[in-house]
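The task is simple: from the sequences and hints, build the whole structure.
Residue numbers (the numbering used here), protein chains in the order written: chain Y, 1 to 167; chain G, 1001 to 1421.
Quick caveat, the hints were computed from the structure, so don't treat them as lab data. Hints may be right or wrong, so weigh each one.
DSS-like, lysine-lysine: derived pairs with alpha carbons at most 27 Å apart [as the list claims (entries may be wrong)]:
1. Y:Lys74 / G:Lys1228
2. G:Lys1175 / G:Lys1067
3. G:Lys1166 / G:Lys1281
4. G:Lys1166 / Y:Lys57
5. G:Lys1209 / G:Lys1228
6. G:Lys1134 / G:Lys1161
7. G:Lys1123 / G:Lys1134
8. G:Lys1125 / G:Lys1067
9. Y:Lys57 / G:Lys1175
10. G:Lys1281 / G:Lys1161
11. G:Lys1175 / G:Lys1161
12. G:Lys1213 / Y:Lys74
13. G:Lys1223 / G:Lys1209
14. G:Lys1268 / G:Lys1281
15. G:Lys1268 / Y:Lys57
16. G:Lys1161 / G:Lys1385
17. G:Lys1223 / Y:Lys74
18. G:Lys1268 / G:Lys1175
19. G:Lys1166 / G:Lys1385
20. G:Lys1134 / G:Lys1067
21. Y:Lys74 / G:Lys1209
22. G:Lys1134 / G:Lys1029
23. G:Lys1092 / Y:Lys57
24. G:Lys1281 / G:Lys1385
Just so it is clear, the structure is predicted and the values come from calculations on it, not from any experiment.
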Amino acid sequence: MMTANLLPADVYREIEEFVYREARLADESRYGEWEELVDDDMMYWVPRGEGDFDMEKHVSVIADNRNRLRRRIKQLQTGARYAQVPVSPMRRLVSNIEAKPIADDEFNVQCNFVLYELRIQSTNNIEIWPGRIEYKLRRSEGGLKMFLKKVMLVNGDMPLPSLAFLL
Amino acid sequence: MTSFASLIEPDRIHGSLYTDAAIFSREMKVIFRDGWAFVGHESEIPEPGDYITRTIGSEPVLFLRNKDGEVRVFSNRCTHRGNRLCHEGRGKLRGGIMCTYHGWAFSFDGDLLAVPYEGGFTKAKENYSLRQPKMASHRGFVFATYNPDPEDFYDYLGYGKDLIDKSVSMSPVGKIRLDSGWVKHLFKANWKMLPENQTDGYHANHVHKSFLKVFSSQYDELKTNEEKRVGSVVDWGNGHASIEVSERYDGPLQWLGSNEERYPEYVKAMNEAYGENEARKLMTEGPPHAYIFPNLFLGEANIVIIEPVAPDLSVQHHSPMLLEGVPEGLNARIIRQSEGALGPSGLLLADDSVISEQQQIALQGKSGWLEISRGVDRERLEDGKRIGHVSDETTNRGFWQHYLAKMNRSSVETPVEPELV
Chain Y
1 MMTANLLPAD VYREIEEFVY REARLADESR YGEWEELVDD DMMYWVPRGE
51 GDFDMEKHVS VIADNRNRLR RRIKQLQTGA RYAQVPVSPM RRLVSNIEAK
101 PIADDEFNVQ CNFVLYELRI QSTNNIEIWP GRIEYKLRRS EGGLKMFLKK
151 VMLVNGDMPL PSLAFLL
Chain G
1001 MTSFASLIEP DRIHGSLYTD AAIFSREMKV IFRDGWAFVG HESEIPEPGD
1051 YITRTIGSEP VLFLRNKDGE VRVFSNRCTH RGNRLCHEGR GKLRGGIMCT
1101 YHGWAFSFDG DLLAVPYEGG FTKAKENYSL RQPKMASHRG FVFATYNPDP
1151 EDFYDYLGYG KDLIDKSVSM SPVGKIRLDS GWVKHLFKAN WKMLPENQTD
1201 GYHANHVHKS FLKVFSSQYD ELKTNEEKRV GSVVDWGNGH ASIEVSERYD
1251 GPLQWLGSNE ERYPEYVKAM NEAYGENEAR KLMTEGPPHA YIFPNLFLGE
1301 ANIVIIEPVA PDLSVQHHSP MLLEGVPEGL NARIIRQSEG ALGPSGLLLA
1351 DDSVISEQQQ IALQGKSGWL EISRGVDRER LEDGKRIGHV SDETTNRGFW
1401 QHYLAKMNRS SVETPVEPEL V
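Laid out in structure tokens, this is it:
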């Protein structure tokens, strides 16, 4: 039994609520509201899968610091990011959430997801994006915010179609 | 019978070139098997036994370093029953190459060493070596061809030699390494759209409007003012083509969004290697933005491979062009720049691939002729190069004229009769 490490139920609920909200805002391409969940030291990282990747030594699919992420979102908000004009209708399922504390008011959260994306701008195919997410969350005045979202796609090292939306 | 000359005119091309399955399979033979194609860079397989799997057109190949430290290219196929020998994108072999089906074993030089139960197999093993294309390399860039009597390698490479030299000379020791991995970007589009787009300077202000609006203050001015667009495009012959991006920069390392103060060790090493004047010129102009026919793109600080998969399916692979003899911080910056521009989530390429897919969908119909005449009356010839305004289709015309020369040279009758409309 690992009950000693269990988060209190209300904290776990708060984290779960964050994960679901983040997923819904990303699904609906509500970039501004999604960005409100992001802390100033955010890293948004999509390595080429689950392998032992080092951001400084290996090329990633995405390795955005806060500044580049801000610009990525602004680019989407111009309405001329053609890879997302119109935005892909998407829904994702998030499951297998495991959360543990890493410091005072900081949490490491891991979960699985499957995202269905309709590539409405081009092929009209449904694209399936399966993977695992690692978050680092911090509780501040406005509630929980993330300072890491690492998305490890099952097929991250395989050829991937245009991925301009927020994973 | 329809000849390729009836599909490719100097200033227009027929849409069936992007959709016809017979044309695609002909290209795989004439361009990719019978001509030279890029396989990989020697730095990808530093140690004996290191291998990478790739394709040359539709041929699966194994790019391997042997026990003597020499690189080799083989068809990735057992000579017994055709099983694929290596299944992963990269790896390390010990001792030899063993087929997983019946256990035939080959040396790192492709020789058949042993077959299980020798009693039943009485043929001469020396006739069952792995198929090995001819190979040639320049500055660690390895090319191969299955043509037993190919064009001279440096005749094929032409000005491509100078373009590769220029890329490599961004390193003070004249060496690059591709060891940070490859991102693979799927295009549901014909492979020829990739080099056409890589060397098209016309689309930038339109397709990349969202990027320019966020990252550059000049969008509105450049949108309407043709004369303000800085740079040129060059058809280097042999199908090689570039956009000359260097004219955008007036100081060292601007191509990396940086400056010389931030990398004093690099500047010092470059000055010592090339002399101050030449070093300053190299560091200011930056690496070329140049396509080497048929499947290599020197994408500034990226090496890019174009992989044709099917008439309507291609993969663009990119790896940051890391430099030897520089502080690691500089290479980390090259990796970040690479992610910013290229790949499925690139702030640029995510849009290009969707445009190519839209083109491919539209061309499935009775597509007719596509126009590539832009700038035909204002380009100029210089030392065998054809130079145009940065927004002109000089590069695309160069690509298609070379393509036509290659395809027409083949003795095979074209099996296609597309309806010319």
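Hint-by-hint comparison with the structure:
1. Y:Lys74 / G:Lys1228: Roughly 26 Å separates the two Cα atoms, so the pair holds.
2. G:Lys1175 / G:Lys1067: holds (23 Å)
3. G:Lys1166 / G:Lys1281: Holds. Lys1166 of chain G to Lys1281 of chain G sits at ~11 Å (cutoff 27 Å).
4. G:Lys1166 / Y:Lys57: Roughly 24 Å between the alpha carbons, so the hint for Lys1166 of chain G and Lys57 of chain Y holds.
5. G:Lys1209 / G:Lys1228: holds (16 Å)
6. G:Lys1134 / G:Lys1161: Holds, at roughly 19 Å.
7. G:Lys1123 / G:Lys1134: holds (25 Å)
8. G:Lys1125 / G:Lys1067: holds (21 Å)
9. Y:Lys57 / G:Lys1175: holds (17 Å)
10. G:Lys1281 / G:Lys1161: holds (19 Å)
11. G:Lys1175 / G:Lys1161: holds (15 Å)
12. G:Lys1213 / Y:Lys74: Holds, at about 9 Å.
13. G:Lys1223 / G:Lys1209: Holds, at about 9 Å.
14. G:Lys1268 / G:Lys1281: holds (14 Å)
15. G:Lys1268 / Y:Lys57: holds (24 Å)
16. G:Lys1161 / G:Lys1385: OK: Lys1161 of chain G and Lys1385 of chain G at ~14 Å, within 27 Å.
17. G:Lys1223 / Y:Lys74: holds (20 Å)
18. G:Lys1268 / G:Lys1175: Distance ~17 Å between Lys1268 of chain G and Lys1175 of chain G Cα, so the pair holds.
19. G:Lys1166 / G:Lys1385: holds (17 Å)
20. G:Lys1134 / G:Lys1067: holds (19 Å)
21. Y:Lys74 / G:Lys1209: With Cα atoms ~12 Å apart, Lys74 of chain Y and Lys1209 of chain G stay inside 27 Å; holds.
22. G:Lys1134 / G:Lys1029: Answer holds: Lys1134 of chain G to Lys1029 of chain G is near 15 Å, not above 27 Å.
23. G:Lys1092 / Y:Lys57: holds (20 Å)
24. G:Lys1281 / G:Lys1385: Between Lys1281 of chain G and Lys1385 of chain G the Cα gap is close to 21 Å, so the pair holds against 27 Å.
Checked against the numbered hints listed earlier, the structure breaks none of them; every hint is satisfied.
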